[in-house]
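Below are the chains, spelled out letter by letter.
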Amino acid sequence: MRALLSHRLAGLAAIAAITVLLPPFFPSLYYYRVGALVFIFALAAVGLNLLMGFAGQVSLGHAGFLGIGGYAVAIAPTYLGLPSWTCIFGGALLSGLVAFLVGRPILRLKGHYLAVATLGFGVLVAIVLTNEAVWTGGPDGMSVPQLTLFTWRVRGSDTWYWIAAASFLLGATLALNLVDSPTGRALKAIHDSEVASSVLGVDVARQKLAIFVVSAVYASVAGSYLALFNGHITPDISGFLRSIELVAMVVLGGMGSVAGSLVGAAVLVVLPQILTALHDYEHMVLGLILMGFMIFLRQGIMPSLIAVVAGRRT
Amino acid sequence: MVTFNRTVATVACSIAVLFAGGLQASAQVKIGSVLSVTGPASFLGDPEKRTLEMYVDAINAQGGVKGQKVQLIVYDDGGDANNARTFATRLVEEDKIVAMIGGTTTGSTLAMIPVFEDTQIPFISLAGAIQIIEPVRKWVFKTPHTDKMACEKIFADLKRRNLTTIALISGTDAFGKSMRDQCVVVAPKSGMTIAYEESYGPRDSDMTPQLTNIRNKAGVQAVVNPGFGQGPAIVTRNYRQLGISAPLYQSHGVASKQFIELAGPAADGVRLPAAALLVADKLADGDPQKTVVVNYSRTYQGKTGQAVSTFGGHAYDGLMIFVQAVQRAQSADKAKVRDEIEKTKGYVGTGGIVNISPSDHMGLDLSAFRMLEIKNGDWTLISDAKS
Amino acid sequence: MAEFLQFFFSGLTVGAVYALVALGFTLIYNASDVINFAQGEFVMLGGMATVFLALTGVPLPLAALLAIVITAAIGLALHRFAIEPAHGASPVALIMITIGASVFLRGVAQIIFDKRFHSLPPIFGGEPFRLWGAAILPQGLVVMAGAAVIVLLLWQFVDRTMLGKAVIAIAANRLAARLVGIDTRRIVGLCFAISAAIGAVAGILVTPITLTSYDVGTLLALKGFAAAMLGGIGSGLGAVIGGLLLGMFETFSAGYISSKYKDAVAFLVILAVLFAMPQGVLGRGKIERV
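Protein chains in written order, with the numbering used here: chain W, 1 to 314; chain Y, 1 to 387; chain H, 1 to 290.
In short, the hints are calculated from the structure, not lab data.
Watch out, some of these pointers could steer you wrong.
So, partial list: chain H residues that the calculated Cβ filter (under 8 Å) puts toward chain W [unchecked claim]:
# : residue
1 : G88
2 : V92
3 : I95
4 : W132
5 : M277
Note that the structure is a prediction, hence the values are computed from the model and not measured.
C-beta: ideal position from N, C-alpha, C; glycine also.
Only chain W is shown next, with the shape it has when bound in the complex (with noise of 0.2 Å):
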């Protein structure tokens, strides 16, 4: 238990030591935006990746959930007058409760009608949001007030940096911590074997719907952080593209990964920053990486390395 617990905390306490010591070798402020970025997508997969890793359901819409979180702190504070900081959260109670509303019919589905339901949801809060321009501004967008917290004015890509940093820290901490959880071990039954695991008095559609909610969260927040850093939001935010996007970066990082999905988000951010000058390529690149991976390391990165370092032990 205690090994196990180390071993935890070893695998965080890596990632924030690497977090703090990245910065001064920053030559500008650049660098800072990419690591706000990264952080920021690696929140979202992480939500994603207790979904589709650890209780083996797919979504292929999860982009709408970030569109929900980023539009609630466009939306809230420029009509409604309310700070910014309460529409994260809430952003993030409207995403878990459309996620309610919506995962129970949608979650009793399984396989490819699952993965197509998620994505017609994805779809339809893309067509929402760029429909209702007078709320949204439409395909154009709309500024997002800039977050003030007690008179501190929130900006810079240092500031986002730091805070995105921490943030995906905690929620890391908080999934490491779901999975270790006896929901954690029930969605581990359901991944195997829904049947067995209800039989063995598992509730199975209870659980799917909470794992569904706690992701659905996870991406609002993210979404939240994007529009308040940006400063401006568009409907492409929810995109069919986005969630893909997502998707890669669980299936890149590995399944069932909370590193993973750090991975995972650092190579579908960065990569397309070293590679501008190909970026003609950038969608036979993503294609590829996704049928390559879903093909010969369905595992991912980070389960992949583990195993060969953990064979090496051995």
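Starting from the structure of chain W, add chains Y and H where the hints point.
This is chains Y and H only, laid out in the frame that chain W set:
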């Protein structure tokens, strides 16, 4: 002692030379551009990129600006506002640009504006919506005509033909929506009544339901289609297919030969406001814009083999306005260049004659738009006097 | 009345396209239990390849034929290099592979072709017929006829040929089919190729009406899938009925209700079908084995 002094002197001189050499190498005017070269707006971003690269090369071949070479750094945001923002930060923090000419879409422009306002770098946007320059922001300018002007030009032409009750069918994409909103605002002032509205998605392939409804609406004297991309081409085809006889007006978003190719014979009789660039060869010889647009047309067509596009023209104007501002300011200092951009007067560009002022960061008026009608598969100019 | 007819005919034309895409989905699904999201790209490839081949001087009918052959080859390659190696993976993994393939094909198309949109000349001219006040394009009739012919051919193929019987056998029980000596790999590959060819034909027939560009595939795939679900995935006739119904829903809702949410109709249909009757209009219910 003498040897030591000489050594020190040699070393000092070498360092000085190296330093000067370094200074020489970094004495480049760096401009940045974030364009949507791929993605849904690639139709706009691709000509913009080619134009900028083409003309920066040409400027450098002639010695650069104020003796300094121009370095152009282009990033592709893929039509995504978040990416645009990241690349804007990169241009400012990493690449240390002195000016930005870019922002293909309104969404990406709006997302990037805070970066340039914060770091006080002049930003000449290539996007259409009026929100970019209204309210006026100190460091933000733009070269394309606003959608508000397009509406006003269309309405003026309608008024001349005594057509005052119209229907709108607009695309739900950013361009279509923005222009539709402006048309609704401008209509009462121009004496127009918008009797009916329909919309279509930018990827829709069939607009006959919407057009059937418009056809059945009594009293509609003309139809205006704010939109861009393939939608207007399909609308135009469906329009003729349904046999609707009321005049059809398109927006400047379709200003390219491709629209005529795709709409086919259905495009005959369609009118639209467009920059003089589109009818370069048909301009009267005394037309002030003729030289500029003919030159740009020939250069662009020669180098790329593609028909000229007004979007590329806006990029050309942005670049030239910047270059001329640097020349007037006698330096590449951001604040001085910004001030000179704001003082641009009488610049003859592909989009029109530009007169920027502290209250107008675009500088075009209605005369910058020409009214065109499509006849026999080609553009013809409608002079302002006729109808 | 005239407007009802106009909506009806427009809905039929659009529906015929969805029907063809849905047929492609159904064929692959029946043969291999895979939902192929790259189906939309096959349609795109048919149209775009024809356009670009014609631009290089190849006569149009030959360009169309070549485009169909090329697309069929791509379908085969998709099966051989992406689906077969992942044999045994969960349905979700397979969906993600096909989504990856779709994104990949779109990326390649962006580079090989271009980013503009293109058209093809209609086979019988662009002048519409006027029938009781409604206008029908000859090309619309061509698309509907094309869909009917393909359905007929497929039916005959499945009913009368040995290969067709093999497909049915594989669909019923893959293991049993192998046990009786059917080379499942080859046959499933063939189904992918046929499906791709159907998509390509759909693309070529419909481009004169809807225009084509490198990214028409995604939305088409989603709508085609909605149509297949509506008609009952696994049923060829269901695919056609589903396609026509979806086309009607879209057109009538745009005409009578509001055109703003026309695109949302397909997705609402997906969700409604999945919640209310997952097996669709004509499909068989699925029994999950423990």
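Tested hints:
The beta carbon of G88 (chain H) comes no nearer than 10 Å to any beta carbon in chain W, farther than 8 Å, and the hint placing it at the interface is violated. The criterion of a C-beta within 8 Å of any C-beta in chain W is met by V92 (chain H), whose closest approach is roughly 5 Å, and the hint holds. Because the beta carbon of I95 (chain H) sits about 5 Å from the nearest beta carbon in chain W, less than 8 Å, this interface hint is met. Violation of the interface hint for W132 (chain H) is found here, the shortest Cβ-Cβ separation to chain W being roughly 34 Å, above the 8 Å cut-off.
The beta carbon of M277 (chain H) is not positioned within 8 Å of any beta carbon in chain W (closest approach about 12 Å), and the interface hint is therefore violated.
In summary, the numbered hints that this structure violates are 1, 4 and 5.
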